[in-house]
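Engineer: Each chain, written out:
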Amino acid sequence: MSKSYFDETHCAIGHPKTKVMQWLLTVDHKRIGIMYAAVMFTFFFVAIATAMAMRIELFAPGAQIMDGDTFNQAFTLHGVIMIFLFIIPGIPAVFGNIVMPLMIGAKDVSFPRLNWFTFWLYILGCIIALSSLWTGNGFADTGWTFYAPYSLNTDTNVITTLVAAFVLGMASILTGLNFLVTIHRLRAPGMDFFKMPLFVWGIYATAWIQLLATPVVGITLILAILEKYFGIGIFDPSKGGDPVLFEHLFWIYSHPAVYLMILPAFGIMSEIIPVFSRREIFGYRTIALSSASIAGIGYLVWGHHLFTSGMSDIAKTIFSFLTFFVAIPTGIKFYDWIATMYKGKIILKSPMLWALGTIVTFAIGGLTGVTIAMVGSDIHLQDTYYSVAHFHYAILGGVVFLFFAGLHYWFPVVTGKMYKEGVAKVAFWLNFIGMNLLWFPMFIAGYNGMPRRYFDYLPEFQIYHQISGLGAAVILSGLLLMFWNFLYSWKNGEPSGTNPWNATTLEWHLPSSPPPLENHTKVPYVDFNPYEYHHGEPVVKFDYETMKRID
Amino acid sequence: MSDHAYVPEIATSRDGVEHEVQGWQGDFYGGKLGFWLFMLTEVLMFGAMFMVLTYYFTLHHNDFIDASASLNRVLGGFNTVVLLISALTMGLGLLKMRSGDVKGAKLMIWATILLAFVFLGVKAIEWSLEYQHGVFLGLDALQSGNAHSKPFGQILFFGMYFTMTGLHGFHIIIGIGLMLWLLKRINTGKVTTDHHILYWNIALYWDLVHLIWVFVFPYFYMIGCDAGGYHMPDIGSLFGGHSNEH
Numbered sequence: 084m085s086k087s088y089f090d091e092t093h094c095a096i097g098h099p100k101t102k103v104m105q106w107l108l109t110v111d112h113k114r115i116g117i118m119y120a121a122v123m124f125t126f127f128f129v130a131i132a133t134a135m136a137m138r139i140e141l142f143a144p145g146a147q148i149m150d151g152d153t154f155n156q157a158f159t160l161h162g163v164i165m166i167f168l169f170i171i172p173g174i175p176a177v178f179g180n181i182v183m184p185l186m187i188g189a190k191d192v193s194f195p196r197l198n199w200f201t202f203w204l205y206i207l208g209c210i211i212a213l214s215s216l217w218t219g220n221g222f223a224d225t226g227w228t229f230y231a232p233y234s235l236n237t238d239t240n241v242i243t244t245l246v247a248a249f250v251l252g253m254a255s256i257l258t259g260l261n262f263l264v265t266i267h268r269l270r271a272p273g274m275d276f277f278k279m280p281l282f283v284w285g286i287y288a289t290a291w292i293q294l295l296a297t298p299v300v301g302i303t304l305i306l307a308i309l310e311k312y313f314g315i316g317i318f319d320p321s322k323g324g325d326p327v328l329f330e331h332l333f334w335i336y337s338h339p340a341v342y343l344m345i346l347p348a349f350g351i352m353s354e355i356i357p358v359f360s361r362r363e364i365f366g367y368r369t370i371a372l373s374s375a376s377i378a379g380i381g382y383l384v385w386g387h388h389l390f391t392s393g394m395s396d397i398a399k400t401i402f403s404f405l406t407f408f409v410a411i412p413t414g415i416k417f418y419d420w421i422a423t424m425y426k427g428k429i430i431l432k433s434p435m436l437w438a439l440g441t442i443v444t445f446a447i448g449g450l451t452g453v454t455i456a457m458v459g460s461d462i463h464l465q466d467t468y469y470s471v472a473h474f475h476y477a478i479l480g481g482v483v484f485l486f487f488a489g490l491h492y493w494f495p496v497v498t499g500k501m502y503k504e505g506v507a508k509v510a511f512w513l514n515f516i517g518m519n520l521l522w523f524p525m526f527i528a529g530y531n532g533m534p535r536r537y538f539d540y541l542p543e544f545q546i547y548h549q550i551s552g553l554g555a556a557v558i559l560s561g562l563l564l565m566f567w568n569f570l571y572s573w574k575n576g577e578p579s580g581t582n583p584w585n586a587t588t589l590e591w592h593l594p595s596s597p598p599p600l601e602n603h604t605k606v607p608y609v610d611f612n613p614y615e616y617h618h619g620e621p622v623v624k625f626d627y628e629t630m631k632r633i634d
Numbered sequence: 497m498s499d500h501a502y503v504p505e506i507a508t509s510r511d512g513v514e515h516e517v518q519g520w521q522g523d524f525y526g527g528k529l530g531f532w533l534f535m536l537t538e539v540l541m542f543g544a545m546f547m548v549l550t551y552y553f554t555l556h557h558n559d560f561i562d563a564s565a566s567l568n569r570v571l572g573g574f575n576t577v578v579l580l581i582s583a584l585t586m587g588l589g590l591l592k593m594r595s596g597d598v599k600g601a602k603l604m605i606w607a608t609i610l611l612a613f614v615f616l617g618v619k620a621i622e623w624s625l626e627y628q629h630g631v632f633l634g635l636d637a638l639q640s641g642n643a644h645s646k647p648f649g650q651i652l653f654f655g656m657y658f659t660m661t662g663l664h665g666f667h668i669i670i671g672i673g674l675m676l677w678l679l680k681r682i683n684t685g686k687v688t689t690d691h692h693i694l695y696w697n698i699a700l701y702w703d704l705v706h707l708i709w710v711f712v713f714p715y716f717y718m719i720g721c722d723a724g725g726y727h728m729p730d731i732g733s734l735f736g737g738h739s740n741e742h
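Keeping their order, the protein sequence lines are chains P and L.
At position 349 of the first sequence (counting the first as 1) the number is 432 in our numbering, and the numbers step up by one without a gap.
At position 192 of the second sequence (counting the first as 1) the number is 688 in our numbering, and the numbers step up by one without a gap.
Where hints are given, some of them may not hold.
What the hints assert, rightly or not - For the chain P half of the interface with chain L, some residues (derived, Cβ under 7 Å), not all of them:
#1 Asp191
#2 Ile256
#3 Gly323
#4 Pro326
#5 Val327
Claimed, not checked - List of simulated lysine-lysine pairs, DSSO-like, C-alpha gap at most 30 Å:
#6 Lys602(L) / Lys528(L)
#7 Lys426(P) / Lys416(P)
#8 Lys528(L) / Lys605(P)
#9 Lys624(P) / Lys278(P)
#10 Lys100(P) / Lys686(L)
#11 Lys508(P) / Lys426(P)
#12 Lys102(P) / Lys605(P)
#13 Lys619(L) / Lys278(P)
#14 Lys311(P) / Lys619(L)
#15 Lys102(P) / Lys428(P)
#16 Lys680(L) / Lys599(L)
As the list claims (entries may be wrong) - DEER-style ranges, computed between Cβ atoms:
#17 Lys624(P) / Gly543(L): 46 to 52 Å
#18 Gly543(L) / Ile148(P): 57 to 63 Å
#19 Phe711(L) / Pro320(P): 26 to 32 Å
#20 Glu505(L) / Thr391(P): 56 to 62 Å
#21 Phe404(P) / Gly617(L): 27 to 33 Å
By construction, these hints were calculated from the structure, which means they are not laboratory data.
A virtual CB, placed ideally from N, CA and C, is assigned to each residue, including glycine.
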C-alpha cells in the first residue's frame with residue numbers, strides 16, 4: 084500500500100522525528116486543514132454548550148440558572164466563538180485548505196510556510212480570546228459586535244477580546260492572500276478560470292472579501308483598544324466622538340463577512356448538486372459570476388444594520404435598495420441548482436440530503452432577510468427574535484449545514500474511509516427537524532415583540548421558548564450522532580476507494596485514498612469542464628499513473 | 497523542504513503539446529502578487545484611519561486647524577525629506593542588485609537603514625517635545641473634563657496624530673528589521689542577483705511606508721500652516737493656564 088499524507092509530511096522547520104512534532108510543524112495543506120477542523124469543531128461545541136445554557140435559562144420566565152450579567156457574557160461568548168473562531172475561518176480554513184489545491188491540481192498552496200504560520204496565528208488568537216474568560220473582570224458582556232460607547236465603558240475584559248479578534252483577522256487576511264495567489268498561479272495547465280470547479284470560485288470570491296474587508300475592522304478594533312487605554316474619544320460621544328462611526332466601520336467589514344461565510348458554502352452546494360444529480364451543472368458561468376457579484380455588492384449594503392442607529396432617510400433608502408440586489412445573484416444560484424436537478428438522476432445520499440435540506444432552510448433565512456432589508460419592517464423587527472431567527476436560518480441553515488454537507492462529501496478524500504450512511508441520514512433528519520423547531524418559533528416570538536439578548540421575558544412568550552428549547556435538544560442529539568459517526572468511521576469505517584460518488588472534479592482523481600503527500604501522481608492537463616456527465620456517467624477518465632486522459 | 501533545485505513538472509495535453517507546470521517553488525510572480533495583495537491590506541488599514549480623520553475634520557474644522565498649527569513643521573518636513581531620500585536609496589539598491597552589483601546594493605541597504613534611524617530619532621525628539629508640553633496620549637490635555645483639557649476636536653486630532661504616526665513608526669521599525677534580515681540573506685547567499693524576490697518585496701514595502709507618510713504629512717502638519725508658526729504657540733499657552741478655546 085502506498086504512503087499517504089498521514090505517513091509522511093513536509094515541515095516548516097527541519098525534519099522532526101516524532102509524530103506530534105510532524106503535525107505541529109507540518110506545511111502540508113491537508114494536514115493543516117484537518118488541524119483547523121479539529122480546533123474549530125472543539126470550539127463549536129463549546130459555543131453550543133453556552134447556547135444550551137442560555138436555552139435552559141430561557142425555558143421559563145425569571146432567573147433559572149444564571150443572572151442577567153452572566154447571561155450577557157454567555158451570549159457574547161457564544162457569538163465571539165461562533166463568529167470569530169468557528170464560522171469566519173470556517174469553510175475556507177478547512178476545505179479551502181484541504182480540497183482547493185486538489186481541485187486545481189496543485190501540490191500545495193502558494194505559500195505553504197505562511198499557511199503553517201497562519202494556522203498558529205489562529206491558535207494564538209483562540210488562546211487570547213479564551214484567556215479573557217479567566218483574567219480581568221470576566222469575559223466581555225458587549226455582544227460580539229462590541230458596540231461603542233458601552234464597550235468602552237464596561238469593566239469586563241473587552242480589550243483582550245478585541246486583541247483576539249484582531250489577531251484572528253490577521254490570520255483570515257493571510258489565508259485569503261494565500262488562496263488568491265494559489266488560485267491565480269497554481270492552476271494545472273489548461274485550467275482557465277471558467278474550467279475551475281465552482282467551489283474554487285467560491286473560495287476565490289471569499290478570499291477577496293477576507294483581504295479587502297478585514298483590515299478595516301482590524302484598525303477599528305485597534306482604535307477601540309487605544310480608546311479604552313487613552314480615552315481619545317474617537318467613538319465616545321461624551322468626548323466629541325461619534326459612536327455611530329464605530330458601527331459603520333464595524334459593519335463595513337462584518338457585513339461582507341457574512342458573504343465570506345456563505346460563498347464557500349454555496350461552492351460546496353455547487354459541487355454536490357451536479358454530482359448527485361449526475362448532470363452537468365446548469366448555468367456554470369452565472370453561478371461563478373454571481374459569487375463574484377455577491378462579493379462586490381456585499382460591500383455596499385452595510386448600512387442596513389444601522390436603520391435604527393441614526394442615519395438620514397436617503398441613506399436608509401439607498402442601503403435598503405442595495406440590499407435587495409444581493410437577492411438577485413443568490414436567486415440565480417438557487418434556480419441554477421434546481422435546474423441542474425431537473426431531469427437529473429438524483430441520488431439521495433447523505434451529502435445530497437444536506438444540500439437539499441439547505442435549499443429549504445436557506446431559502447427561509449434568505450427571504451426573511453429581504454423582509455428586514457425593508458426600512459419600515461426593520462424598524463419593527465430590529466433587535467427582536469425575528470432577526471435572530473433570520474440570522475440563524477441563514478448561517479446555521481445555510482453555511483453550517485453546507486459545511487456538514489461538505490464534511491460528508493469529502494470525508495472519503497480526507498480519511499480514505501466511508502461513514503455509516505444510515506446513521507448519517509438519521510443525524511441529518513434530527514438536525515433538520517431540530518433546526519426548524521428551534522428557530523421557527525422565534526420568527527413568531529420576534530414578530531410579537533420578544534427582544535433579543537434578554538434573559539427574562541413576559542409569560543406570553545413562554546410557549547415559543549419552550550418549543551425552541553425542545554428543538555435545541557433535538558439538534559444537539561443530531562450533532563452528537565453525526566460527529567460520533569465521523570470519529571467512529573474514521574477509525575473503523577470501510578475503505579472508500581478514490582471516487583465513491585462517481586464525481587468528476589480533480590480531487591476524486593487521486594492515485595490513492597487518502598491521497599499521497601504531494602497529491603496527484605502527475606499534474607494533469609485540463610481540457611475539460613468540471614462537471615461533464617453523459618447518461619449519468621462521468622465523461623473524463625484518467626490513467627492514475629500518468630494522469631493522461633483515457634476516455 | 498528539499499534542498500535540491502526545483503525542476504518544474506511537465507503536463508502533456510492530448511495532442512501532445514507539453515506545458516510547464518507552475519509549482520509553488522520559485523514562483524517569482526506569485527511572490528510579487530502575494531506581496532502586492534498584502535500592501536493592499538495596509539492601504540485599506542490606513543485608508544480607514546484617513547476616513548475617520550476626514551470625518552472628524554468636517555465635524556471639528558477649526559479645532560483641527562488650530563491643533564495642526566501647533567505641530568512642528570520643520571522637524572516633520574525634515575523627516576519627509578529623509579524618507580523620500582531613503583526610498584531613493586532603497587530603489588537604487590534594487591537596481592544595483594539586479595545589475596549584479598551586490599556590494600553596492602548592500603551599501604544602499606545600509607544607507608536606507610541609517611536614514612530610517614534618522615527618521616525615528618527625529619520622530620522621538622518631536623514626540624518628547626510634545627510630551628514636555630503636556631500633549632501626549634493619556635496626559636491631561638488629551639482627556640476631557642479637567643482643567644487642562646483641550647477642546648474635543650483637538651483631542652481627536654492629537655489622538656489620531658499619535659495613533660497614525662505611531663503606527664507608521666511601527667512600520668519603520670519593522671522595515672529596519674526586514675532590511676537587516678535581507679542583509680543576512682544576501683550574506684548567506686540566499687538572495688542573489690537571480691533570486692531577489694525578497695529584496696523586491698522589501699523595497700515595495702519601504703515604498704509603501706514612505707507613501708503613507710506622504711499622505712500623513714500634509715494631513716497632520718500642513719492643514720494648519722496658515723494658522724500659526726511652527727513654535728507650538730497653543731501648547732505654550734497651556735502653561736499660562738488659560739484655555740485656547742476662543
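Engineer: Against this structure, judge whether each hint is valid.
Structural biologist: Hint-by-hint comparison with the structure:
1. Asp191: holds (6 Å)
2. Ile256: Constraint on Ile256(P) satisfied, holds at 5 Å.
3. Gly323: holds (3 Å)
4. Pro326: violated (13 Å)
5. Val327: violated (10 Å)
6. Lys602(L) / Lys528(L): holds (21 Å)
7. Lys426(P) / Lys416(P): Holds - the C-alpha atoms of Lys416(P) and Lys426(P) are around 18 Å apart, at most 30 Å.
8. Lys528(L) / Lys605(P): holds (27 Å)
9. Lys624(P) / Lys278(P): holds (16 Å)
10. Lys100(P) / Lys686(L): holds (27 Å)
11. Lys508(P) / Lys426(P): Between Lys508(P) and Lys426(P) the Cα gap is close to 24 Å, so the pair holds against 30 Å.
12. Lys102(P) / Lys605(P): Judged against 30 Å, a Cα distance of about 27 Å means the pair holds.
13. Lys619(L) / Lys278(P): With a Cα-Cα distance of about 53 Å, the restraint between Lys619(L) and Lys278(P) is violated, given a limit of 30 Å.
14. Lys311(P) / Lys619(L): holds (25 Å)
15. Lys102(P) / Lys428(P): Given that 30 Å is the threshold and the Cα spacing comes to 44 Å, the pair is violated.
16. Lys680(L) / Lys599(L): Given pair Lys680(L), Lys599(L) holds - Cα atoms ~13 Å apart, limit 30 Å.
17. Lys624(P) / Gly543(L): 46 to 52 Å: holds (50 Å)
18. Gly543(L) / Ile148(P): 57 to 63 Å: Since Gly543(L) and Ile148(P) have Cβ atoms about 46 Å apart, the given range 57 to 63 Å is violated.
19. Phe711(L) / Pro320(P): 26 to 32 Å: Cβ of Phe711(L) to Cβ of Pro320(P): about 28 Å, so the range 26 to 32 Å holds.
20. Glu505(L) / Thr391(P): 56 to 62 Å: holds (58 Å)
21. Phe404(P) / Gly617(L): 27 to 33 Å: Given range 27 to 33 Å: violated, Cβ gap about 54 Å.
Violated hints, listed in ascending order, are 4, 5, 13, 15, 18 and 21; each of the other numbered hints is respected by the structure.
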